[in-house]
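Put the two chains together into one complex, using the hints given.
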Amino acid sequence: MTLDSGQQEKMDTFIQQIINGLTIGSIYALIALGYTMVYGILRLINFAHGDIYMVGAYAGFMLATALGFAVNPSVFGFIVTLLGSMTIAAAIGMAIERFAYRPVRKYSKMTTLITAIGMSLLIEYLFVFIFSGTPRSFPQLLPNENYTLFGNATISTSQILIFVVSLLLMIFLQWIVYQTKIGKAMRAVSYNINSAKLMGINTDFVIAFTFALGSALAAAGGVLTAQYNPKIEPLMGIITGLKAFVAAVLGGIGNIPGAVLGGLLIGAAETLVVGYGSYIGVPSTYRDAVAFAILILVLLIRPAGLLGTNIQEKV
Amino acid sequence: MNWVKSIGISIILIALIYVINSAMSSAGFFGFGIDDYYSRLLVFIAINIILATSLNLINGFTGQFSIGHAGFMAVGAYSSAYFTVNYGKAIESSLAFGGETIASGIVLLIAILIGLIFSAIAGLLVGIPSLRLKGDYLAIVTLGFAEIIRIVILNIDSVGGATGYQVGGYANFFWVGILAVITIVIIHNIVKSDAGRALVSIREDELAAEAMGVNTTRYKVISFVIGSGFAGVAGVLFAHYNRFLSTNDFQFIKSFEIIIMIVIGGMGSMTGAILGAIIVTLLPEMLRYLPDIQIGATTFKFADLRLVIFALILILTMILRPQGILGTKEITDFFKRKGGLR
Numbered sequence: 028m029t030l031d032s033g034q035q036e037k038m039d040t041f042i043q044q045i046i047n048g049l050t051i052g053s054i055y056a057l058i059a060l061g062y063t064m065v066y067g068i069l070r071l072i073n074f075a076h077g078d079i080y081m082v083g084a085y086a087g088f089m090l091a092t093a094l095g096f097a098v099n100p101s102v103f104g105f106i107v108t109l110l111g112s113m114t115i116a117a118a119i120g121m122a123i124e125r126f127a128y129r130p131v132r133k134y135s136k137m138t139t140l141i142t143a144i145g146m147s148l149l150i151e152y153l154f155v156f157i158f159s160g161t162p163r164s165f166p167q168l169l170p171n172e173n174y175t176l177f178g179n180a181t182i183s184t185s186q187i188l189i190f191v192v193s194l195l196l197m198i199f200l201q202w203i204v205y206q207t208k209i210g211k212a213m214r215a216v217s218y219n220i221n222s223a224k225l226m227g228i229n230t231d232f233v234i235a236f237t238f239a240l241g242s243a244l245a246a247a248g249g250v251l252t253a254q255y256n257p258k259i260e261p262l263m264g265i266i267t268g269l270k271a272f273v274a275a276v277l278g279g280i281g282n283i284p285g286a287v288l289g290g291l292l293i294g295a296a297e298t299l300v301v302g303y304g305s306y307i308g309v310p311s312t313y314r315d316a317v318a319f320a321i322l323i324l325v326l327l328i329r330p331a332g333l334l335g336t337n338i339q340e341k342v
Numbered sequence: 003m004n005w006v007k008s009i010g011i012s013i014i015l016i017a018l019i020y021v022i023n024s025a026m027s028s029a030g031f032f033g034f035g036i037d038d039y040y041s042r043l044l045v046f047i048a049i050n051i052i053l054a055t056s057l058n059l060i061n062g063f064t065g066q067f068s069i070g071h072a073g074f075m076a077v078g079a080y081s082s083a084y085f086t087v088n089y090g091k092a093i094e095s096s097l098a099f100g101g102e103t104i105a106s107g108i109v110l111l112i113a114i115l116i117g118l119i120f121s122a123i124a125g126l127l128v129g130i131p132s133l134r135l136k137g138d139y140l141a142i143v144t145l146g147f148a149e150i151i152r153i154v155i156l157n158i159d160s161v162g163g164a165t166g167y168q169v170g171g172y173a174n175f176f177w178v179g180i181l182a183v184i185t186i187v188i189i190h191n192i193v194k195s196d197a198g199r200a201l202v203s204i205r206e207d208e209l210a211a212e213a214m215g216v217n218t219t220r221y222k223v224i225s226f227v228i229g230s231g232f233a234g235v236a237g238v239l240f241a242h243y244n245r246f247l248s249t250n251d252f253q254f255i256k257s258f259e260i261i262i263m264i265v266i267g268g269m270g271s272m273t274g275a276i277l278g279a280i281i282v283t284l285l286p287e288m289l290r291y292l293p294d295i296q297i298g299a300t301t302f303k304f305a306d307l308r309l310v311i312f313a314l315i316l317i318l319t320m321i322l323r324p325q326g327i328l329g330t331k332e333i334t335d336f337f338k339r340k341g342g343l344r
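Those protein sequences? They're chains A and B, same order as listed. Using the numbering used here, the first residue of the first sequence is number 28, and each one after it goes up by one. Using the numbering used here, the first residue of the second sequence is number 3, and each one after it goes up by one.
Only chain B is shown next, with the shape it has when bound in the complex (with noise of 0.2 angstroms):
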């Protein structure tokens, strides 16, 4: 009845997206309202989970080096932002029987698919030739690709290159969301499968796969469309909650940015990258607030050495403890009850 036990749990997670999405509302939910700041916060941490589980399928369980997500994350984002500007309103006025919210959806979840295909197209592309590379080369190249994809799309005018491209908000906490727990429902089941054992089996020992029958090619372009698809839904809902985009954001920082996640929490686990990209998000915040420190006539802004301190955790982790927070553990596994033959 396992899957009775999927569906429940998605539901009360739905209902939960839901009464966290109304309360950020103006209106607030009960009267219990969430002010923007932090509704923003948590948009951020739903976004950077589906870029850590996608990134995840690819580096963490399919072993392969990709050091360029921003770059299918950026096709996503510049593809829907394309078309919702330009046949957005179309299409919603063409709905508007059905109610504005319902016509936006649609709008939105259209634009979903288009950065979802795009992106994906893109992901193929850029595998088919770079997946005969291993290790280093490949994280050279998808590198490589992912900074030519900003600087092509930096020179393109109609979506306004240098100057940035206002996009309509058509992303709430509601659809990031729903968007979040379907990235890693999808994953986790891709990694369960038969399928996900080939991928396993990839990381553990390519040629020893390969001994076995797999087709380990074949596998490896999959598990890099699969990720770079949703790198791209992620994108599209980056674009549609911001508003704005602008390739800055897209720089290979913000690709180094989701391996920081992954690695923190634990290559390889589901949990790990959700808690990777919490920590991520949350961090480089929670350091804003701290206290200025008077030594003598000087103030030690501690605030402004954030990123500073931010870089020094990451080494520092490193160092301590490599394998990240879980490891390839995830956190059930420490729920589960210990006993019975070993």
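If we strip away everything but chain A, and leave its shape as in the complex, we get (with noise of 0.2 angstroms):
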């Protein structure tokens, strides 16, 4: 079959739509991880979570630029930004947990999001304190180029980055949990917290684990992030965040698969929206609402999330 030169036109932008929605899909799969784990273990929805892929950015920013990458572009400068940055936000990340949400773990569910609404307001008014709230611009690391797939499709060099690295990670994060003694330890504080303590679990010393991993995840999002758009800003986190959560409920909370696929299913959803929602009736303004319009139907249809199992109840 051959196609005349404007279908291939409209097929190569929705090749296109589909390679920009999976690289945002890719960051939202990275910080949903660190929601649906903390959340499978502390049943908590760590609000703050969102603003540590904001940190996980200013972090890259500071290093990158007081180690001098940002003038000369190399792999190496990418790769120690990356690593460091994931680095500061694991210590952040665990640290939130020790003094903010270990103290309210054995109150009621409501003090505990509360605690992590606090949580997240200290460290967005905090970074607009220290940094102020205009945006800047992150360094590119790597020199970015294009190049053409087939037909008018392209993809940049920081997609491809986005690709690679948020795939490493998901493989590094599958091995921890499935093939370590402390991945092992993490599911057994998931599946029951109490009986994981009496079978001499350091209960303490996973969570803390969990959230250093969570926070790793998403602050790689942030340096991805900030290589294929470089604003970066304190508040850039929680419209972020909330839908990188949203995907974790989508894919059903808790589960690691589920993040990845409600990630990549929110980013592509977002795009095509974008892209094809004037046909439909829907413009393009309400990109932001299309994923809460997704999470609606699915709690509404089937409300453990695509991959979740239902729990029921017991008297």
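What the hints contain is simulated information worked out from the structure, not anything from laboratory work. Computed from a predicted structure; not experimentally measured. We treat Cβ as the ideally placed atom computed from N, Cα and C, and that holds for glycine. Worth double-checking, as some hints may not be accurate.
Distance ranges between label pairs, derived from CB positions [to be verified]: (1) B:315 to A:89: 26 to 34 angstroms; (2) B:137 to A:307: 33 to 41 angstroms; (3) A:306 to B:99: 52 to 60 angstroms; (4) A:181 to B:298: 48 to 56 angstroms; (5) A:102 to B:137: 40 to 48 angstroms; (6) A:36 to B:315: 52 to 60 angstroms; (7) A:256 to B:250: 19 to 27 angstroms.
This is the structure:
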């Protein structure tokens, strides 16, 4: 079958939209993993997680500027910045867990949720205070080029970077959770925290480790996004964090492959609505509503999420 | 003679609100004037009291986890503003024979009714499907609905869209104060009624309540609709006092703010919600007056840190006093005589 030039062009645009959607979706997926792991273990919606993503971007910005990677782009500089910002974010994530969440863990859900909201506000306003609210431009750490795939659809270096790095991180996470001892402990704690404690698992350590892992992934998301879209600001984590959270719920909260699936779906759906929504009467300004609309539909039809399992309430 | 007492208290409160409102005008009340800054704060306290007590009915007394209150506030604000902007002047001029104050008062009352009805309908539409969900899931869905409402409003050009919406200033402290009192009285009476007992039983144990014959779904929807309706009233008052609406005023941070009020005051306590509303409105303002501290060559402007300090206070309250200032007690409980048989 041969396509005429008009059809060819439409096809290329469609492929381009999908590529862009999956790029954003991978970032959502990276952040959603942190939400889903923390929820799986503590049943806590960690509202500060979106802000950790922002902290990661700023940490990367500071590192790249201080170490001079901003001036001469190199693969080495990128890796150091990425790992450095992941380490910093992991430390901050653990500190948040230790000083804010651990003391309220035994209280009601509402209390822990408010603490999480408070933590989120604290990080946002602290960063507004330190860095001011004006956006900054993240330096390009690798030379950015556009590669033509076929037709007119292109993919840029930063997009390839996002796909490759997030895929590696997800494989790494899968390895930790299913192949290591600490991963086994994490699964045990998420299954039943009290029994895990009785079996001699140091649950406090496991929870702290989970926060570190989740925060590191979010920070990686922050640095990668900043390569794709270099504008960073202290409030950038709010809406991205919320959508990543929606992605986690969509896939089935507490479920790791679900978070990845949810992230990619939300990213793709969002770009497709921007690109093609006008054909079905949905203007592109509804972009931010897409995630929530999908979320509500899924929760009403299948409350446990796409890959989640239903829990029956017992008397 | 409980109702005699209620009516008496209401009359005193209305008189008090009238006096304060007169003092807010430029002429002042017998020479006592309240300057604009404090007038504005008082109005926002009253609006926040309406928001906090209405959310308290849903979250505090019924035990449902709604974090999308700002969405219903937006529905009330925008529906009523659309009415006053398009029909307000016409109604006012046709009522001009009764005097300007009465005419604008009637317009505001109609606006309040419209805001109440529209936001209650929105509450019903959101409540019926979502209240099947529990806990965190309900919280997420209400958050999602509130954001969708906001984005939909943002895309309606006839109410200003992204540029904002100019509204007539029909409301003043008198109206806001009176409605705050009415809201408190109505919600207090609901909670003390048979229906209120059913709501509290749902909070304590939904399964047990259902086993005792309480139609839990019905009562949950009722409390959600009433709560949303009053949020709409708060929205109407906000729109017509502030004279300008922007969808940025109704982002989910606003919903969080209302949650913070009832959590700080004490969930499931009427006076707690009121206290929380006052604290959350005043605290960030009071922190504006923090002094600068000079250490060496650098000056630390603590006033710039006020939102950071506010967040810290919030976290510390949760760690040190998770049940909020009052818990489920009322302020009046502290004045009751102890003794007798226990």
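Structure-based check of each hint:
1. The given range of 26 to 34 angstroms is respected by residue 315 of chain B and residue 89 of chain A, whose C-beta atoms sit roughly 28 angstroms from each other.
2. For the hinted restraint 33 to 41 angstroms between residue 137 of chain B and residue 307 of chain A, the CB-CB distance of approximately 34 angstroms keeps it satisfied.
3. A beta carbon spacing of about 54 angstroms between residue 306 of chain A and residue 99 of chain B agrees with the range 52 to 60 angstroms that was offered as a hint.
4. Taken as a hint, the range 48 to 56 angstroms holds for the pair residue 181 of chain A and residue 298 of chain B, whose Cβ atoms sit roughly 54 angstroms apart.
5. At about 46 angstroms, the beta-carbon gap between residue 102 of chain A and residue 137 of chain B stays in the expected band of 40 to 48 angstroms.
6. Distance hint check for residue 36 of chain A and residue 315 of chain B: the Cβ-Cβ separation is about 58 angstroms, which falls inside the suggested range of 52 to 60 angstroms.
7. Between residue 256 of chain A and residue 250 of chain B the beta carbons are some 22 angstroms apart, a value that agrees with the proposed interval 19 to 27 angstroms.
Violated hints for the displayed structure: none, as all numbered hints are satisfied.
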